[in-house]
Amino acid sequence: MKQDRKLSSLEQEIEANLKRVYEDVAKQEVPDRFTQLLEQLRQADKPSTESSND
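The letter at position 52 of the sequence shown is residue 52 when you use the UniProt record's numbering, and the numbering goes up by one with no holes.
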């Protein structure tokens, strides 16, 4: 499929909607629970990282 071809109005509408949805999701904050889980993983990884640097 040639990428530089002119998009139909339906394709343009789909593209605009996909971009809007993606931008909305990208702007959302990371949920607190997910942040907490990441911090727990970092803390769990700390001792093994520090001991391997000895």
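Honestly, the hints are just simulated from the structure, not real lab data.
Keep in mind that the hints are not guaranteed to be accurate.
[To be verified] Ranges between beta-carbon positions, derived for each pair:
(1) 46 <-> 9: 49 to 57 Å
(2) 41 <-> 11: 50 to 58 Å
(3) 46 <-> 26: 40 to 48 Å
(4) 15 <-> 36: 34 to 42 Å
Only a predicted model underlies this, so the values are computations on that prediction, with no experimental measurement involved.
Built from N, CA and C at the ideal position, the CB exists for glycine as well.
These are the hints, each one checked on the structure:
1. At about 55 Å, the beta-carbon gap between residue 46 and residue 9 stays in the expected band of 49 to 57 Å.
2. With their beta carbons about 41 Å apart, residue 41 and residue 11 fall outside the hinted range of 50 to 58 Å.
3. At about 30 Å, the CB distance of residue 46 to residue 26 disagrees with the hint of 40 to 48 Å.
4. For residue 15 paired with residue 36, a C-beta distance near 36 Å keeps the hint of 34 to 42 Å intact.
Hint compliance for this structure: hints 2, 3 are broken, all remaining hints hold.
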